[in-house]
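Residue numbers (our numbering), protein chains in the order written: chain S, 1 to 272; chain R, 1 to 68; chain C, 1 to 382; chain Z, 1 to 177.
The set of hints was computed from the structure by calculation and includes no laboratory data.
Be careful, since some hints might not be right.
[As the list claims (entries may be wrong)] Some chain S residues well away from chain C (every beta-carbon gap over 10 Å; in silico):
{"id": "1", "residue": "C19"}
{"id": "2", "residue": "V48"}
{"id": "3", "residue": "N104"}
{"id": "4", "residue": "D115"}
{"id": "5", "residue": "A146"}
{"id": "6", "residue": "Q162"}
{"id": "7", "residue": "K243"}
[To be verified] Straight-line C-alpha distance at most 30 Å; calculated DSSO-like pairs for lysine-lysine:
{"id": "8", "chain 1": "S", "residue 1": "K263", "chain 2": "R", "residue 2": "K28"}
{"id": "9", "chain 1": "S", "residue 1": "K139", "chain 2": "R", "residue 2": "K28"}
{"id": "10", "chain 1": "Z", "residue 1": "K107", "chain 2": "C", "residue 2": "K4"}
{"id": "11", "chain 1": "Z", "residue 1": "K149", "chain 2": "C", "residue 2": "K47"}
{"id": "12", "chain 1": "S", "residue 1": "K189", "chain 2": "R", "residue 2": "K49"}
{"id": "13", "chain 1": "Z", "residue 1": "K165", "chain 2": "Z", "residue 2": "K107"}
{"id": "14", "chain 1": "S", "residue 1": "K3", "chain 2": "S", "residue 2": "K39"}
{"id": "15", "chain 1": "S", "residue 1": "K39", "chain 2": "R", "residue 2": "K49"}
{"id": "16", "chain 1": "Z", "residue 1": "K149", "chain 2": "Z", "residue 2": "K172"}
{"id": "17", "chain 1": "R", "residue 1": "K49", "chain 2": "S", "residue 2": "K182"}
{"id": "18", "chain 1": "C", "residue 1": "K324", "chain 2": "C", "residue 2": "K310"}
{"id": "19", "chain 1": "S", "residue 1": "K186", "chain 2": "R", "residue 2": "K36"}
The beta-carbon is built from N, C-alpha and C at its ideal position, and this holds for glycine as well.
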Amino acid sequence: MRKELQKYFRNDKLPHIWCPGCGHGIITGAVVRAIDNLKLNQSKVCIVSGIGCSSRAPGYMNFNTLHTTHGRALAFATGIKMANPDLKILVLTGDGDCSAIGGNHFIHAARRNIDITTIVFNNSIYGMTGGQYSPMTPKAAFATTAPYGNIDRNFDLCKLAQSAGATYVARGTVFHVPQLIKLIEKALKHKGFSLLDVVDICPTYFGRRNKMSSPIAMMNKIREMSVTVRSASKMSEEELSGKIVIGEFHEERVPEYTEEYAKVIEKAQGGN
Amino acid sequence: MTQKNIKIYIDEKACKKCGLCIAFCPKKVYGSEGGKPVIVNLSACTDCKLCELRCPDYAIIVGGENIE
Amino acid sequence: MSKKIILMQGNEACVEGALAAGMRFFAGYPITPSTEIAEISAEKLPKLGGKFIQMEDEIASMGAIIGASLTGFKSMTATSGPGFSLKQENIGFACLAEIPCVVVNVQRGGPSTGLPTLPAQGDVMQTRWGTHGDHPIIVISPSSVREVYDMTIRAFNLSEKYRVPCILLMDEVVAHMREKVELPEQSSIDIINRKYLNPSMSVYKPYMDYDGDGIPPMMNFGDGLPYHVTGLIHDISGFPSTNADVSKDLLNRLMSKIYNNLDDILEYENIYTEDAETVIVSFGSTARSVHRAVYLLRQEGFKVGMLRLKTIWPFAHKAIKKLKQTPVRNLLVAEMNFGQLLETVKASAEGAFRTYGLNKYNGELITPQEVINKVREVAKHA
Amino acid sequence: MHERVEIRLSGSGGQGLILAGIILAEAAILDGKNAVQSQSYGPEARGGASRAEVIISNINIDYPKVSNPDVLLALTEEAMLKYKYDLQQKGLLIIDSGIEKPEDSYKILQVPILETAKNQVGKIIVANILALGVLTMATGIVSKESIEKAVLERVPKRTKELNKKALYEGFKLGKTQ
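Excised from the complex, chain S in its bound form:
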């Protein structure tokens, strides 16, 4: 590992538990590089996660880190941010953690526009429990709990976040890492609730069941299917079917939650 990045890791905890070719390590590396590029104060960064493979990431990262219960990272993070708005809060979460068991917390954190950067390690599967389908698993894909093919329709997390009120919404992939780092930087600099949906790969559970058992095959799929927001805007719905649209979807400046609460305090204490 590059020397300047070492201070961001708990090097005695590495190597990580993730499988060979798992994209989680790539996203974690991108997060750390973005933090380094922005020169954030390490002792004021707080990284919160839920449960699952991705939620192990904070354990390797040398910040104030909190590994919570399944789906609840945003609830804990909201408490931390409310109590101490000086802290920079990141939530690292998986697609199941964020959109299934944690779905309600997700939409409400977005609605409040609380200043938390949520990065979804979206590998379309429950990895920690061995490959069950998640709300992000594509229709017809196979999983241990969808042995005949998945009949659930999957979420578009970016659309969900935007309609719930998130004020920065973007999608990156583990293939397009330089772009991913830039998107993370933008999300971290954004004041308000930012969502970054990162298309990730799980060769072990998703790949093996869906004829892409090598990480290379999965990466190739991302490379082939990715289109930029700009190109997508010129494509028909049919042409977009199965495609991964990457880039920034939404950015707006809306009063941030803890700043609004500071005004409540002012009012309660006699100001206007």
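For chain S, the structure is supplied; the task is to place chains R, C and Z on it using the hints.
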């Protein structure tokens, strides 16, 4: 355009042999030796660092300055 | 000097006590009959520079207070019935990660939506074993509005001192009644704050028993050295471990930090037990009916007394043990449930007494007359 | 006075009986007595029969619920019929004139609470305070000074005069019997 003093460091203990660096190097700098990356064409390297950024295990450093 | 004498509601006294104890963060979700606690907190906290947030559900509220506590804020949530059920997973997190926080449970009739507006005491066992796994917990239960105030302060003190969630177990009667109270001056209140690590340390092991008392000192997120907190079994550095000795040592320490300090944690009240033949065990609002019954029965010459538990968990076995040195022959456990505490009292009695339950679960408070009738019936058996 | 006096105030939801109960309890405290106030608590915010209960005592109040009221105030017939079952035989029943007088052996005081509030005071909404005036005069449970002070401390500033007027009309009605 190639740069002469580019060095690539591979941390063999960290490498989990996923093969991503080998497969996706735009200049085919790497070959495989039992799944592990070996440098076969250093002069082609453009210092794009994609292999380093895509390595899930932080096993690659591209560039001169940090390499022992 | 004490503050002026006023009429105050139980739920209001809970917030007043919490603020006096130093609560500066509340997260909650509306649920009868605890809602006033959230409403009053929403009004009063920002006046003191504190924070209130209404979360999307009870689960989130519990998560939020744990997060806030990690930044050094004394934090509380309040709920009832179904909401208390929802909080259980994160209460377990607070037990294992040793995050101080206060959870108020205003009991109502159950199970499920049950009797939302009516009293019950059916959560006795859930407060002890609601979350999964072996874990320590402290549960205390007030009988009057003034005691709600005092016990909310005590809940914070115990929670901060022992790094354990403390549950204030109220019931609808105590929460909603208004009563004359005389609150103490802030300066006369004992406040206990969590232990912090000496900031000069260069390495922080968040679960190291630096002082040998089983209670590791804390450090706030953002105050200096980064550290890791997890709901997984962890070693003294806070990182996950599946090592058998690490698991065993951690659980032993969690339990012993509570069970080695029972003299500090257990509170109960004996009334007329020295010469009583029958003692009625009760807590919460039921104890007020029992008190009335004991008063009336004593006027008739009945040798009856009462044991009122203020600490519900850990159970005050020593209070039962002490009764073995008195003439007491009958123990009557009065509670608004099917006999949840009765089973524990029986076990504690080890056959030394005849034990009876007086149980009511129809959404009404046990009346003094019902207690009197039961005591007479028990006396006949004897 | 008795060691323990139990009072039940009843009517329909929205008539302000819980507030009346709180004020009565506060007046008792101003008189140096103990007081406990509680209420029946149903899911409906308005309508239906609702009640507030107050116990006033010179000594500690342990059992906090009313078991056999010494006094029952009823502003509606529905409330009276629902809540008079356990009124003490020697108890006092205060009812509005709009209610059909029951054939019971209680001491019954029937006065035009709602009508007076509406026509003499000008707002039906202050019937609860007017009723407190009636109750104070008819029972002597709390002093006139304390009930007035308690009323004025609880009601919104701009309605103080109105409520004071209602209370005094209540005093008058309570005294006529």
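To see whether the hints hold, each was checked on the structure:
Consistency note on C19/S: stated as away from chain C, and its beta-carbon is indeed over 10 Å from all of that chain's, at 18 Å minimum. Look at V48/S: its CB is around 8 Å from the nearest CB on chain C, not clear of 10 Å, so calling it non-interface is violated. For N104/S, the shortest C-beta to C-beta distance to chain C comes to about 5 Å, within the 10 Å cut-off, and the non-interface label is violated. Against chain C, the non-interface label of D115/S holds: every CB pair exceeds 10 Å, the least being about 14 Å.
Once the 10 Å rule is applied to beta carbons, A146/S is consistent with being away from chain C; the minimum gap is 26 Å. With a cut of 10 Å on Cβ distances, Q162/S stays outside the contact zone with chain C, its closest approach being about 18 Å. For K243/S, the shortest C-beta to C-beta distance to chain C comes to about 33 Å, beyond the 10 Å cut-off, and the non-interface label holds. For the given pair, K263/S sits about 58 Å from K28/R by alpha-carbon distance, which is inconsistent with the 30 Å threshold.
The straight-line distance between the Cα atoms of K139/S and K28/R is roughly 36 Å, outside the 30 Å bound, and the hint therefore fails. Distance check on the hinted pair: K107/Z and K4/C sit about 38 Å apart at the alpha-carbon level, beyond 30 Å; violated. A distance of roughly 28 Å separates the Cα atoms of K149/Z and K47/C; the hinted pair therefore holds under the 30 Å criterion. With a CA separation close to 24 Å, the supplied pair K189/S and K49/R stays within the 30 Å bound.
With a C-alpha separation of about 27 Å, the suggested pair K165/Z and K107/Z falls inside the 30 Å cut-off, and the hint holds. Between K3/S and K39/S the CA atoms are separated by roughly 15 Å; this keeps the pair inside 30 Å, and the hint holds. Distance restraint check for K39/S and K49/R: the Cα-Cα separation of roughly 21 Å lies within the 30 Å cut-off, and the hinted pair is therefore satisfied. Between K149/Z and K172/Z the alpha-carbon distance is near 18 Å, which keeps this suggested pair within the 30 Å criterion.
In summary, the hint linking K49/R to K182/S is supported, as the alpha carbons are separated by about 15 Å, within the 30 Å threshold. Proposed proximity of K324/C and K310/C is supported: the alpha carbons are some 20 Å apart, at most 30 Å. For the suggested pair K186/S and K36/R, the alpha carbons sit about 35 Å apart, so the restraint of at most 30 Å is broken.
This entry does not satisfy hints 2, 3, 8, 9, 10, 19, going by the numbered hints stated previously.
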